[in-house]
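Undergrad: Start from the sequences, fold in the hints, and give me the full structure.
Protein chains: 4
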Amino acid sequence: MPYEFKLTRRVEFAETDMAGIVHFANFFRMMEATEHAFFRSLGFTIHGHESGTTTGWPRVSATCDYRAPLKFEEEVEIHLLVAEVRSRSIRYQFIFRKADDGTEVARGQLAAVCATVDKITGKLAPVHIPEAVRAMITPAPRELLGTHAPARSPSSASASTPGA
Amino acid sequence: MPYEFKLTRRVEFAETDMAGIVHFANFFRMMEATEHAFFRSLGFTIHGHESGTTTGWPRVSATCDYRAPLKFEEEVEIHLLVAEVRSRSIRYQFIFRKADDGTEVARGQLAAVCATVDKITGKLAPVHIPEAVRAMITPAPRELLGTHAPARSPSSASASTPGA
Amino acid sequence: MPYEFKLTRRVEFAETDMAGIVHFANFFRMMEATEHAFFRSLGFTIHGHESGTTTGWPRVSATCDYRAPLKFEEEVEIHLLVAEVRSRSIRYQFIFRKADDGTEVARGQLAAVCATVDKITGKLAPVHIPEAVRAMITPAPRELLGTHAPARSPSSASASTPGA
Amino acid sequence: MPYEFKLTRRVEFAETDMAGIVHFANFFRMMEATEHAFFRSLGFTIHGHESGTTTGWPRVSATCDYRAPLKFEEEVEIHLLVAEVRSRSIRYQFIFRKADDGTEVARGQLAAVCATVDKITGKLAPVHIPEAVRAMITPAPRELLGTHAPARSPSSASASTPGA
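Chains as they are written, first to last, in the working numbering: chain Z, 15 to 178; chain X, 15 to 178; chain V, 15 to 178; chain E, 15 to 178.
It should be emphasised that the hints constitute simulated quantities derived from the structure, not laboratory data.
Don't take each hint at face value.
Put simply, identical chains are the same to the list, so a pair is met inside one copy or across any two.
[What the hints assert, rightly or not] Subject to a maximum C-alpha distance of 30 Å in a straight line, what follows is the list of computed DSS-like cross-link-like pairs (lysine-lysine):
no., residue 1, residue 2
1, K85, K20
2, K112, K137
3, K112, K20
Owing to the predicted nature of the structure, the values given are computational and were not obtained by experimental measurement.
TA: Right under this line is the structure:
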């Protein structure tokens with residue numbers, strides 16, 4: 015069962031800032047793009063409509079540690095690893111490396127909860143991960159996951175997101 | 015000596031995503047905008063040029079925990095607290111609350127290192143925080159800071175950013 | 015009846031690019047922010063829900079001519095003028111000036127059509143502008159509107175970029 | 015000599031807004047990404063440093079006409095055509111089409127001037143297009159270029175938005 019995915023992107027001009035490097039907030043957009051490509055690779059979409067219900071994956075927490083700057087037109091490989099799968103949430107770990115020499119650029123985590131989204135009111139209600147999705151996603155072997163503690167695990171976050 | 019700052023913003027349309035709420039990566043842009051406004055309030059700029067040298071504050075780590083969705087045209091108050099001041103880095107804590115009813119929306123942290131920036135090569139070199147800045151910024155009293163552990167303190171990060 | 019509005023903003027770090035100036039696409043976000051603030055000033059919202067229907071203002075066209083770079087932390091005043099009001103669409107003209115010395119930075123236009131938005135399918139259907147809105151918005155006097163054609167051609171633009 | 019280029023992209027979540035479609039300002043980022051990929055395909059970079067001088071292509075004007083909404087995960091083909099080459103500037107035309115059925119989504123233009131960029135002061139100074147670049151880029155045949163005027167006025171746009 016799949017527990018990892020790699021996406022390679024080239025840095026775009028609009029992702030840089032006046033310091034001449036990729037703006038730090040854009041690493042979170044790159045994590046998300048990788049998560050979504052991972053879902054597509056399994057035949058799913060991260061934001062689906064079925065029988066009038068919209069299901070999405072709002073974030074519980076996001077974290078990134080920066081090791082080296084990333085510059086315009088550099089290619090970066092984003093390596094997603096599934097760190098934890100719970101009944102209503104998934105936690106991912108990401109490692110960013112320069113495609114040409116493998117330099118580690120950054121390392122991050124996302125924890126997302128499966129939820130129905132009311133597009134009019136913006137209300138989110140956590141739900142069980144669909145069986146079809148759960149059957150396809152599994153945590154990566156422990157030895158592949160980083161040894162540093164998670165910034166915030168969905169378990170501690172669950173206190174503020176009842177039922178997550 | 016100042017250890018906190020509050021910035022109030024109204025959510026813009028371009029900050030929302032198709033889930034009808036503020037995209038999670040934009041919380042990091044809001045943290046940064048608050049950090050920069052804090053610096054301006056002290057008479058400094060976060061990205062200055064002096065005698066041919068550009069000094070900036072590249073990020074060592076960034077983290078955010080999401081509690082409630084934030085929607086278009088809602089006003090949000092971002093409360094910055096200085097969590098730690100070291101010789102070459104500062105760590106901030108942020109709490110996002112809806113301006114109308116005080117609902118806590120999110121809570122985050124940024125750790126930034128003072129560095130010279132070579133705009134041609136993109137190279138960053140950590141330096142001591144200028145005395146004028148250090149003299150103005152102090153950590154908030156412990157009882158004001160959140161009790162949850164930092165996602166990643168600059169001390170652990172310093173291992174990967176030599177001299178930070 | 016109102017036909018103009020002014021919004022002042024300070025350039026944020028995340029709006030700049032590696033050329034050290036505001037990325038050109040962000041001028042369109044600033045135009046939109048001004049349009050929305052204009053609507054709020056009249057007691058309306060640009061993206062409303064009523065009796066299960068969502069009404070929005072999808073864009074028909076957008077254009078911007080750039081005269082001078084805009085930099086980090088500079089204050090810019092965005093001056094909106096209503097250029098044309100039709101049964102289902104409105105056209106706005108915008109002039110960007112530096113707040114400190116009045117230097118013209120850019121000049122743009124947006125044409126938007128009033129439409130119902132199906133948030134599930136993404137379908138847009140043009141509708142008549144609500145009477146309450148139409149009653150409040152009127153075109154600016156002709157002498158206030160720019161004399162240049164609705165959207166500058168690069169050939170006319172070359173006049174302001176000597177030698178281009 | 016090359017006068018066209020095609021780039022295919024998949025719409026990312028962070029490019030959408032609460033109307034459920036790609037935010038209109040992001041079409042300008044897509045035009046730019048295509049322009050830069052065109053340059054790379056010729057062996058150039060759009061933002062280069064040589065002997066201490068940074069050369070870039072600041073925009074003189076940008077325009078886009080929107081025909082149909084573009085949604086999350088849809089693939090869009092962006093077709094760049096060189097519309098005009100002058101001594102210090104280039105004008106491009108872009109057509110956006112859905113990759114699956116060829117539906118035209120939008121059509122735009124960018125005019126950019128070749129300039130040296132002072133990264134400290136943000137000053138831009140137009141210069142002649144380097145000979146190596148000029149030798150490689152040529153205007154597309156007239157019959158390939160859109161017959162509509164360089165930038166659509168909203169009045170002509172109304173033809174494609176029945177009843178606007």
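Undergrad: All the hints need checking, so say for each whether the structure fits it.
TA: Evaluation of the provided hints:
In this assembly of identical chains, the alpha carbons of K85 and K20 lie at most 30 Å apart whether taken from the same copy (20 Å) or from different copies (24 Å). With identical chains, the CA atoms of K112 and K137 are at most 30 Å apart between copies only, with a shortest distance of 15 Å across copies and 39 Å within one. Taking identical chains as interchangeable, the C-alpha atoms of K112 and K20 lie at most 30 Å apart whether they share a chain (13 Å) or sit on different chains (26 Å).
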